[in-house]
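For what it's worth, the numbering used here labels the leading residue of the sequence shown as 1, then goes sequentially.
No lab work stands behind these hints, which were simulated from the structure alone.
A couple of the hints might just be wrong.
Claimed, not checked - Each pair of labels, with its calculated beta carbon distance range:
| hint | residue 1 | residue 2 | range |
| --- | --- | --- | --- |
| 1 | V318 | D240 | 14 to 24 angstroms |
| 2 | D246 | E282 | 33 to 43 angstroms |
| 3 | A267 | V317 | 45 to 55 angstroms |
| 4 | D121 | S218 | 47 to 57 angstroms |
| 5 | A298 | V216 | 47 to 57 angstroms |
| 6 | S24 | E282 | 55 to 65 angstroms |
| 7 | R331 | V216 | 34 to 44 angstroms |
| 8 | D227 | R314 | 20 to 30 angstroms |
| 9 | R109 | S24 | 31 to 41 angstroms |
| 10 | S104 | V286 | 32 to 42 angstroms |
| 11 | E40 | A298 | 36 to 46 angstroms |
Predicted model, so just to flag it, every value in this text is computed and none were measured.
Backbone N, C-alpha and C define an ideal beta-carbon position, used for all residues, glycine too.
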Amino acid sequence: MSRPESGAAARPTLAQVAARAGVSLKTASRALGGESYVSEKTLASVLEAAAELDYQRNAAASLLASGRLADSIGLITGDVTNPFYSALAQAIEDEIRPRGMHLSVANSRESAEQEQRVARDLADRQTTAVITVSAMTDHSGYAQLQARGIPVVFVDRPAENLAADSAVFDNLEGGRLAARHLIDAGHRRIAFIGDYAWLPTYRQRLAGMGEVLDEVDSDWRDLLRTDAHDVASSRACMRDLLALDDPPTAVVAGNNRILLGVMEEVAERSDAPAVIGFDDPEWARVLGVSVVTGDVEALGRAAARLAVSRLSDRTRVVETVTVPMRLIARRSTVG
1 MSRPESGAAA
11 RPTLAQVAAR
21 AGVSLKTASR
31 ALGGESYVSE
41 KTLASVLEAA
51 AELDYQRNAA
61 ASLLASGRLA
71 DSIGLITGDV
81 TNPFYSALAQ
91 AIEDEIRPRG
101 MHLSVANSRE
111 SAEQEQRVAR
121 DLADRQTTAV
131 ITVSAMTDHS
141 GYAQLQARGI
151 PVVFVDRPAE
161 NLAADSAVFD
171 NLEGGRLAAR
181 HLIDAGHRRI
191 AFIGDYAWLP
201 TYRQRLAGMG
211 EVLDEVDSDW
221 RDLLRTDAHD
231 VASSRACMRD
241 LLALDDPPTA
251 VVAGNNRILL
261 GVMEEVAERS
271 DAPAVIGFDD
281 PEWARVLGVS
291 VVTGDVEALG
301 RAAARLAVSR
311 LSDRTRVVET
321 VTVPMRLIAR
331 RSTVG
């Protein structure tokens, strides 16, 4: 009788995880399944045991053992109606489809609670890797998916409090590019309308702008407006700025939705300020709006490659891929 392959014989089981953690098989299953009523102490013990044993859930293990990759990767986005996420999903799909894999897309609506539910659902449906544009500020909960052998990759917003791969834009440099461009054009009253203050993309873009603007105007943060996540709120912020006794001569819009709201508000004004936005929606090219943007296709493909690489080698060093940003100057800031 032939001996079983050493890889198959050595593959750890859920029972071994439970034994090492000192819990029942049912409790171990509940912990790795993300069920909420498992205590934090028990969860930590089970996750530690799974990591020590390099445990993989059966679906992922059998796929890897058979020499082929998974059938499905799940993408969690913040808002499926945003063209940015559509382009991101297309890039990920283009990268994985030649590998015989398909993409499932889910929407968190920028809710951490909904993201948690969606991630658990994807895992239970035997999605073999998850890519997320996360609405969470603490990603340690994703360790449960990792312990089940499901790679988690963070895209656009990096991983926090979790050892996981990320693909992000160089938002710090993006902020610098926007501020330098407006300073070079002669502006000193420069406003920034940003997204939710907790978002790392917002924080990095703001920090980049600050590095430049602090050298010429220590009071520029008086023109800072935040939490403008949609068109209506960004219009309100723009309206507020224009009503000031000394309104800004230039405005930086923190993303494509904010940019749309800004442009709607200034469309009929003869004294409109210079405007520059982040991202490059198609209509911005038609209207001649300057932007700071990165290659969304490159970002999506990088995230997909990180997921596929992690499926092939779960022990490799955690990696962050940073995609550069560039300035595209158009008539909204150059006359």
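Here is how each hint holds up against the structure:
1. V318 / D240: 14 to 24 angstroms: Taking Cβ atoms as reference, V318 and D240 lie about 42 angstroms apart, which means the hint is violated.
2. D246 / E282: 33 to 43 angstroms: Distance hint for D246, E282 holds at roughly 34 angstroms.
3. A267 / V317: 45 to 55 angstroms: 49 angstroms, holds
4. D121 / S218: 47 to 57 angstroms: 49 angstroms, holds
5. A298 / V216: 47 to 57 angstroms: Taking Cβ atoms as reference, A298 and V216 lie about 33 angstroms apart, which means the hint is violated.
6. S24 / E282: 55 to 65 angstroms: Holds - the Cβ-Cβ distance for S24 and E282, about 56 angstroms, lies within 55 to 65 angstroms.
7. R331 / V216: 34 to 44 angstroms: 24 angstroms, violated
8. D227 / R314: 20 to 30 angstroms: 38 angstroms, violated
9. R109 / S24: 31 to 41 angstroms: 36 angstroms, holds
10. S104 / V286: 32 to 42 angstroms: 33 angstroms, holds
11. E40 / A298: 36 to 46 angstroms: Holds, since E40 and A298 (Cβ atoms, about 39 angstroms apart) stay within the stated range.
Of the hints listed earlier, those the structure fails to meet are numbers 1, 5, 7, 8, in rising order.
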